[in-house]
Amino acid sequence: MTGPAFVSLPDAMSRHVRDGMTVALEGFTHLIPFAAGHEIIRQRRRDLTLVRMTPDLIYDQMIGMGCASKLVFSWGGNPGVGSLHRLRDAVEHQWPRPLALDEHSHAGMVVRYAAGASGLPFGVLKGYTGTDLAAANKSQIATITCPFTGEALVALPALTPDVTVLHAQQADREGNVLLRGIVGACREAAQAARTLVVTVEEIVGRLDAPMNAFVIPAWQVASIAVVPGGAYPSYALGHYARDNAFYLAWDDIARDRSRFMEWMATHVLETSTHAEFLRLVGAVA
Amino acid sequence: MTAYTSDEMMTVAAARRLPNGAVCFVGIGLPSAACNLARLTHAPDLVLIYESGTVGTRPSVLPLSIGDGELAETARSVIPLPEIFTHYLQSGRVDVGFLGGAQIDRFGNLNSTVIGSYDAPKVRLPGAGGAPEIAMHVKELLIVMKQSARTFVERLDFRTTAGFLEGGDARARAGLPGGGPRAVITDFGEMTPDPVTRELVLGGIFDGVTADEARAACGWPLRVAGTVTRIAPPTNTELQTLRDLQERTRAAHARRVRITLPT
Numbered sequence: 001m002t003g004p005a006f007v008s009l010p011d012a013m014s015r016h017v018r019d020g021m022t023v024a025l026e027g028f029t030h031l032i033p034f035a036a037g038h039e040i041i042r043q044r045r046r047d048l049t050l051v052r053m054t055p056d057l058i059y060d061q062m063i064g065m066g067c068a069s070k071l072v073f074s075w076g077g078n079p080g081v082g083s084l085h086r087l088r089d090a091v092e093h094q095w096p097r098p099l100a101l102d103e104h105s106h107a108g109m110v111v112r113y114a115a116g117a118s119g120l121p122f123g124v125l126k127g128y129t130g131t132d133l134a135a136a137n138k139s140q141i142a143t144i145t146c147p148f149t150g151e152a153l154v155a156l157p158a159l160t161p162d163v164t165v166l167h168a169q170q171a172d173r174e175g176n177v178l179l180r181g182i183v184g185a186c187r188e189a190a191q192a193a194r195t196l197v198v199t200v201e202e203i204v205g206r207l208d209a210p211m212n213a214f215v216i217p218a219w220q221v222a223s224i225a226v227v228p229g230g231a232y233p234s235y236a237l238g239h240y241a242r243d244n245a246f247y248l249a250w251d252d253i254a255r256d257r258s259r260f261m262e263w264m265a266t267h268v269l270e271t272s273t274h275a276e277f278l279r280l281v282g283a284v285a
Numbered sequence: 286m287t288a289y290t291s292d293e294m295m296t297v298a299a300a301r302r303l304p305n306g307a308v309c310f311v312g313i314g315l316p317s318a319a320c321n322l323a324r325l326t327h328a329p330d331l332v333l334i335y336e337s338g339t340v341g342t343r344p345s346v347l348p349l350s351i352g353d354g355e356l357a358e359t360a361r362s363v364i365p366l367p368e369i370f371t372h373y374l375q376s377g378r379v380d381v382g383f384l385g386g387a388q389i390d391r392f393g394n395l396n397s398t399v400i401g402s403y404d405a406p407k408v409r410l411p412g413a414g415g416a417p418e419i420a421m422h423v424k425e426l427l428i429v430m431k432q433s434a435r436t437f438v439e440r441l442d443f444r445t446t447a448g449f450l451e452g453g454d455a456r457a458r459a460g461l462p463g464g465g466p467r468a469v470i471t472d473f474g475e476m477t478p479d480p481v482t483r484e485l486v487l488g489g490i491f492d493g494v495t496a497d498e499a500r501a502a503c504g505w506p507l508r509v510a511g512t513v514t515r516i517a518p519p520t521n522t523e524l525q526t527l528r529d530l531q532e533r534t535r536a537a538h539a540r541r542v543r544i545t546l547p548t
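Keeping their order, the protein sequence lines are chains A and B. Position 37 (the first sequence) corresponds to 37 in this note's numbering; numbering is contiguous. Position 157 (the second sequence) corresponds to 442 in this note's numbering; numbering is contiguous.
Hints listed in this document are in silico derivations from the structure and should not be mistaken for laboratory results. One should not assume that every hint holds.
[Stated by the list, open to error] Calculated pairs, EDC-like style, for lysine to aspartate or glutamate (alpha carbon to alpha carbon, straight line, at most 16 Å):
(1) A:K138 with A:D102
(2) A:K70 with B:D404
(3) B:K407 with A:E92
(4) B:K424 with B:D380
(5) B:K431 with B:D380
(6) A:K70 with A:E92
(7) A:K138 with B:E498
(8) A:K70 with A:E151
(9) B:K407 with B:D380
[As the list claims (entries may be wrong)] In silico negatives: residues of chain B with every beta carbon more than 10 Å from chain A:
(10) G314
(11) G341
(12) E418
(13) H422
(14) T445
(15) G488
(16) V513
(17) A537
(18) A539
Don't be surprised by glycine CBs; every beta carbon is placed ideally from N, CA and C.
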């Protein structure tokens, strides 16, 4: 088994992420791969099916910049702040283009990822009962009967992204990857994907990993790019905190189409590296 | 007694409903403030679980997001999401859940998905998150929402989360294992479900509020209990603890982050 290619961020994205693919940039509040998302925007990818439990600011940006035609998700707000205005504009006014929704609950999304990671066609849960979610998303939410107890259960199709992108604290020189802290559904999203691409804060000689740590073995990783600060304005535990002030400020930036476009042009399209982006937003010490 | 805001009264009333030692699934915003206020006052052994996978967390400032580093660093354990939603929630290990929404109906069903139709919404709201399964599986559900005729409605635009469905024994018949809504805390007071019909009944009001005012701010003809309890205003300890917590939180959230890049 071979390990990953160590490449630049632009190379990692151009090598693996193509128009029309199903792509999951995971990380639940923590370790959100912002730098990778920005690079996908710079490369002007189109018609992506974007998968994330919580679209967060990164998918607000990708949707607003026209990268996506479909969103698979379970909670689309700016956590603790309010709306994702670009997501809302896409759903309410089809701007900049229509956005199809495949909508679930968090419990449903994790079951779908786990089924994908397990090589099963569907996952099962006790969920959605008494809600309108199944009626709104008929093709993706079904009821089945347990063959042993007769109990009614909900079946959801497995999620198998073409590419999952994660951000992690460390990789070693072989390409084994360590995630610490809130891991969300990263393990399941990684193993559900056909291709796994990882950005990391740093490469180390030896991972700082106790025996039961969440380490993705090198042979499951296609490419690794070293991107310090790659999760900013979300965070990487042990490296930097979540920039809650930025999440608060995003509300105003994203509310207005032209202000959003201007901000994205200045901060993302016209920067060529994540380090440049970080300096421009004043996030570098 | 110092003057206090209606948000503070709601937070204090919600906190009082949390018994010491309970295992509580915490949502962001007012529920998170209430749970931590309870933990810092009468319920030091409250077990707080945030859906980001932080179990037994004891944050010193309130998180802005459900997964701030503060929650992970002060947790007893940090576990993957499939484990939180299946091993903890679905298997019935959580006592109390805490939710809000954009709309609620008289049986405690909630909407956090859309205003208008699903396919062409007037307002697209964030969506379900953890809510449907929290409300499905916890032993008791607390709901916190500001009351107005626009949010307390005759008919939900979308049912994201099941309360007592159509009332009576509809919830049990649908196979929902948890106990359903125990109380709805509003900025007027508290509603609790009738034991038979499961319709929400105004049973307690805050100082300076009348039952008529609460009825006027409700989109359905709100039932009022025969005897309406007057809910005690915040004590000095409750108010001071909450304000200190909010002050620490404001300072923490305003702090910009600085990253050191390798040279």
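Status of the hints after comparison with the structure:
{"no.": "1", "hint": "A:K138 with A:D102", "verdict": "10 Å, holds"}
{"no.": "2", "hint": "A:K70 with B:D404", "verdict": "14 Å, holds"}
{"no.": "3", "hint": "B:K407 with A:E92", "verdict": "7 Å, holds"}
{"no.": "4", "hint": "B:K424 with B:D380", "verdict": "5 Å, holds"}
{"no.": "5", "hint": "B:K431 with B:D380", "verdict": "24 Å, violated"}
{"no.": "6", "hint": "A:K70 with A:E92", "verdict": "14 Å, holds"}
{"no.": "7", "hint": "A:K138 with B:E498", "verdict": "42 Å, violated"}
{"no.": "8", "hint": "A:K70 with A:E151", "verdict": "33 Å, violated"}
{"no.": "9", "hint": "B:K407 with B:D380", "verdict": "36 Å, violated"}
{"no.": "10", "hint": "G314", "verdict": "7 Å, violated"}
{"no.": "11", "hint": "G341", "verdict": "14 Å, holds"}
{"no.": "12", "hint": "E418", "verdict": "4 Å, violated"}
{"no.": "13", "hint": "H422", "verdict": "7 Å, violated"}
{"no.": "14", "hint": "T445", "verdict": "6 Å, violated"}
{"no.": "15", "hint": "G488", "verdict": "24 Å, holds"}
{"no.": "16", "hint": "V513", "verdict": "30 Å, holds"}
{"no.": "17", "hint": "A537", "verdict": "8 Å, violated"}
{"no.": "18", "hint": "A539", "verdict": "6 Å, violated"}
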